[in-house]
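2 protein chains.
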Amino acid sequence: SRSDFVLVWEEPRSMQEESMGVSPAHHRWREEFLKRLRHSGLLQEQKEVLQTKKRICFVLLSAPWSVLCYYAEEISLRVPLQVQPTSSAAVLTLSSRLTACPLSSFQDQQAGEVQTFLGSNNKDTFFKTTQRHQVLYEILARTPYGLVKNGEVGVDRLVNEQVFTAAYPLHEVRCTPRAWSEAAVSLSLRQILYAYWAQWSCWRRYQPLDHIREYFGEKIALYFAWLGFYTGWLLPASVVGTVIFLIGFWLVATDIPANELCGSGNSFVMCPLCNICSYWNYSSICVTYKAGLLFDNGGTVFLSVFMSLWAITFLEYWKRTCSSLSHRWDCSDFQDIEERPRPEFTAMAPMTMRNPVTGAEEPYFPENKRFNRTLTGCMVIIIMVSLLKSSIASFSGSVLNLLVILLLSRIYTALAHILTRWEMHRTQTKYEDMFILKVFVFQFVNFYSSPVYIAFFKGRFIGYPGNYNTLFGVRNEDCGAGGCLIDLAQELLVIMVGKQLINNIQEFISPKMNPQLKEAGQEAQRQEEASPWEADYQLLVCEGLFSEYLEMVIQFGFITIFVAACPLAPLFALINNWVEVRLDAQKFVTEYRRPVVERAQDIGIWFPILQFIAHMAVLSNAFLIAFTSSFVPRLYYRYTRDSTLSGFINFTLATSPLSYQQQHNTSCRYRGFRDENGEYLPEYFHLLAIQLGFVIIFEHVVFFIGRLIDLMVPDVSEEVEMKIKREHYMAKEALAENQVSK
Amino acid sequence: SRSDFVLVWEEPRSMQEESMGVSPAHHRWREEFLKRLRHSGLLQEQKEVLQTKKRICFVLLSAPWSVLCYYAEEISLRVPLQVQPTSSAAVLTLSSRLTACPLSSFQDQQAGEVQTFLGSNNKDTFFKTTQRHQVLYEILARTPYGLVKNGEVGVDRLVNEQVFTAAYPLHEVRCTPRAWSEAAVSLSLRQILYAYWAQWSCWRRYQPLDHIREYFGEKIALYFAWLGFYTGWLLPASVVGTVIFLIGFWLVATDIPANELCGSGNSFVMCPLCNICSYWNYSSICVTYKAGLLFDNGGTVFLSVFMSLWAITFLEYWKRTCSSLSHRWDCSDFQDIEERPRPEFTAMAPMTMRNPVTGAEEPYFPENKRFNRTLTGCMVIIIMVSLLKSSIASFSGSVLNLLVILLLSRIYTALAHILTRWEMHRTQTKYEDMFILKVFVFQFVNFYSSPVYIAFFKGRFIGYPGNYNTLFGVRNEDCGAGGCLIDLAQELLVIMVGKQLINNIQEFISPKMNPQLKEAGQEAQRQEEASPWEADYQLLVCEGLFSEYLEMVIQFGFITIFVAACPLAPLFALINNWVEVRLDAQKFVTEYRRPVVERAQDIGIWFPILQFIAHMAVLSNAFLIAFTSSFVPRLYYRYTRDSTLSGFINFTLATSPLSYQQQHNTSCRYRGFRDENGEYLPEYFHLLAIQLGFVIIFEHVVFFIGRLIDLMVPDVSEEVEMKIKREHYMAKEALAENQVSK
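Respectively, the protein sequence lines represent chains G and A.
Heads up, the first sequence is in our numbering, so the first residue is 1 and it goes up one at a time.
Heads up, the second sequence is in our numbering, so the first residue is 743 and it goes up one at a time.
Quick caveat, the hints were computed from the structure, so don't treat them as lab data.
Glycine included, every Cβ here is placed at the ideal spot set by N, Cα and C.
Errors might be hidden in some of the hints.
[Unchecked claim] Quick list of in silico lysine-lysine cross-link-like pairs, BS3-like style, CA-CA up to 25 Å:
hint, chain 1, residue 1, chain 2, residue 2
1, G, Lys430, A, Lys1467
2, G, Lys319, A, Lys1061
3, G, Lys430, A, Lys1061
4, A, Lys961, A, Lys1061
[Said to hold, decoys possible] Calculated from the model, a selection of chain G residues having no Cβ within reach of chain A, i.e. all distances over 10 Å:
hint, residue
5, Ser324
6, Asn577
7, Glu699
Work the whole structure out from these sequences, hints included.
Next up, the structure:
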């Protein structure tokens, strides 16, 4: 039978005996492990590749039919049921658990049971490649290599301990173009994916999700489905954003305050923005002011509402699409009831205890100790975050800021790894969730704290000329000459576009720079005729989807939370993701070792994180429009003073107080609503009340409509629900018939 | 075997032949129905009771063992599985569907299959009474009495068409005290419920939920579980409310503004409150002002936050308790996949169509037509509601208002019935949900519109002396002398306490006034020795839980939405519910016919309604404290003017404008922040900004904490989750073992 899984280890070539001396335990474990694998019925085939310095040993594993059947039952593999001709529906492949083919009793008299499943007459094709991988991985993961009590079980831990250097399922046939371009008729799945998915020329096509799922499993397919879905939804958002931006051009041309400002000449002499700055003319920021108006206009209010609702609707429809997909892929009631403990957990756990579900003795870490550690972890994060929040705020120079952010991401991720490992979570899922949460909190603060600072705090507490507020003796930072919104837009552009560019370039280049690949380069001439297991060994280890998701989630945050300051953000995101889809596809098809198929019914903890961001977006947009943009002052001026807005510029500028004039022998203007003593004018409080009222109305309206959308869009589409009911009904009927006919 | 179900019809005694002439179709249907029941294997026994004017015919039905087995499978009854001695766990009764005993094949060679279930050796006790009822009702509901195509199926429709006057399962032994008080050793279930649940003397006990569930089924048991749970949770709320109220007494005694007011004598002459009113001294409302302070103080802010969080936490914990209960009662994955259409629906549906799930032909009502009707229904409700909202607002005299509200409730409910019937919903569940929603919207507006009007609108838009705003020529209504909060508290007290009193008195008296019971009174002497079916026939028809739930939900609204104006509301609710539990218990045990057991896994649509109310409560409390109470003005005065609050009374009163003084030759004061021209003072805008800011902060903090609580309290308790996992695991193991041993 075909070999599906490969175990690899390396030995120094020249001094074989010594290396055994170096790690006798490793050698013993490896031998024991392989022996036990043989015992559980796996077929092994050993291959060696000699390199200049070392010997690489490959063990090719494959499972015979009987083993496959036994474990298929154990891990609840689902296979389609054969439709009985007596049954009423014409064409319906019921999905049902393969409930019956235990290893020992798989003889002829029992064959009837397997025959009720579709395609069971061909033993070679009955189990799909990915299912064989799952079975093999299951066996590898539960075979012990030492004392079970010490948790010396499973290949993951052996790889961890460097007993094996790698363990991976084999890719299908290589997909270098010249190898198959002629014989396009009978392409393998991998070749199909390469040709119809991973090529740049496919940019206009939908992704072949069913094929991806078949080759990589549900978890990875769901990522790509989500990415494609998100990219699709970005289309309307970016169209609306761009239109609003373009409308801005027309509004700028007809805007009276802008014309007033540009034509004001020397009439508005502004106070210095910092202690060593000089006086400046307000008319000098004419261009900046006009640029700011491109997105600081009534259209942005509409865009903010639109994007907030867009985010909510997007998530609702994703839920729906996800449930359709998971129904189509038959993993909708997937639940890991008895998830195995992580190998690291078993290795480190200080004691054992009975598992309350299975009743088996297994490694245990006391609950309250874990709770304490998690608490400590939270404290560490809070401290780190608050420390870094303050340090970031001071670098609001945009490009430097970006570099700091990208550097800190790395440090953060490493810290999160250490913390999460120390917290000793029992299962991989729990571990990943906690890790994701930690990194997300880190990154959220890391990426968003400087925009948040600029949007809501910078320039708010500066006092007024002659009476500037100071913090530690330093005058509080004011926004640039163009105002805070311009500063924010600039910051966002640099972070978003810069980050995406850097990331994509990294993704594009880094695989080609990998040291392992370089080393392999010396044997490049041989590579053409290398065996598949060797070729796969040269590839990168698939690190999981974490960083891909994280990147997208941070991006989702930018285009929703700060959309009021950057209506083009959805467009940039759209372009980026269009590239991202194909880049990721290429990575998975050609650059990564094949990952073991994992099941999933949704995108996991990322969904609540996205929901959290969508919530934050509503709050942020409300406050941005109310307090950072000039929307409310303009509205106020229009309805109380002058409907054409003439004189608005003068209205927004206060005159420096008398004391300042006496001190400096000159008077200047500054943004604010204060009288000649520096006290707030009544208009300030009118505006404040209107702004707060605006926030309340905006939030309530948007959340209310969001809730309505939530109610109107059922989580499962009617069609799928009907199908599920129909299947339940058919299954019940089939069982009853079966019972009667026996 | 015992008879479990009774069908009843009445015939005029003297003119038997004529009556057959009057309704030959009825007679034919009845005969056909009874014949078909015999065919499906039910045993029938006919009894007649002669009364002076009419003959009452009873048909006692019972099902033999084989019929029970067949239908138990059909309706997926769940019975405990016999634990195999080979299985690893010592004591564990696994719950599993009774999957195998079809009628035809129930012979000895198949007996093995039933023997795997617990208690299957005793055919008399294997099925519980309630399960026998379910089976019988199932048969009655699906037996046709005419053309199936016309929907002439089922006993519900026959009762609807008056072919039968009643169809009900039999109660257990009568529970008049003298009949059983001596032989207390072997009480029947009904007697247990009567003695340990329905008696007033049980007020300190927990309810025997398992017994209630055994006798009345999960749906009713869940109502009582919820009611008990809610009453329990009212305890802390009412303690906190009462304490806050008592603290109010101390605060009043030391309150400087109150003392200033009471000692002010004639110094504050107030402007007339209406056109025909006269001037009055502010000191005359001394007592009212002090009473208002009992709940208008800092404690109320705490209470509002507390009750908002209480409501959220209560709902979260109910979810948890509910999942525990539904797991214990084994109905957690109850889903009605193939719910039958309502009898009225089948009778009225204009066409038939294939059911997409079962593939059977059945009555059908076009989806788009139903949508149109539902939309029209919504419009009708909106119109009704907006019409009545305005009419209610004008009666804010409290007692009259209550009577109007109670009258309108009746009209509303009738209208909702008509509308919902007209919308033609296919299933009973859908019908009930839509009906509940409609009535809830009606009642919500009906009960809450007048408090909302008083709290947020009354007295807000009155203008100022000399320039009163008018609506249709009438001066806008001002709040009473004591202020709006006092008005609100008064209104709430009347509505809440009054409504609860009236309801409870009604519930207590009405069964005793029932005409049917009176008529039966003439045969009272015979009643003692009457047969059980006759006795049950005299009882009231159980109308379902709708009105019970509605009452509680409206109450829940009062104690959460307006708690800031009435800190004693939770206490009143607590007292009311303590009575309510026992009153309802008595009704169900002694005054209602026994209802057919219904399954349910939660309280259905009432839960989202409660969540909606809890949300509303947060908004309402935020606005009540910010705008209706004097909390913010006092705070503002304390921090900007005088920390002892002396002079506060003067601060809150404006002086009538100069124009008014010239006109009336006198000056007077009124509540407001206006200058001598009637323009708003800067303080008004300061306060407005603070109030709006308070709303924003209050809402965000409470919703944020609420969300945290939501996250911290898992919907299913860990214990139950572990049990569920354990059961899944055991079931899987048992199946595998079974497979191997075969």
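So which hints don't hold here, by number, going up? Of the numbered hints, just 7 does not hold.
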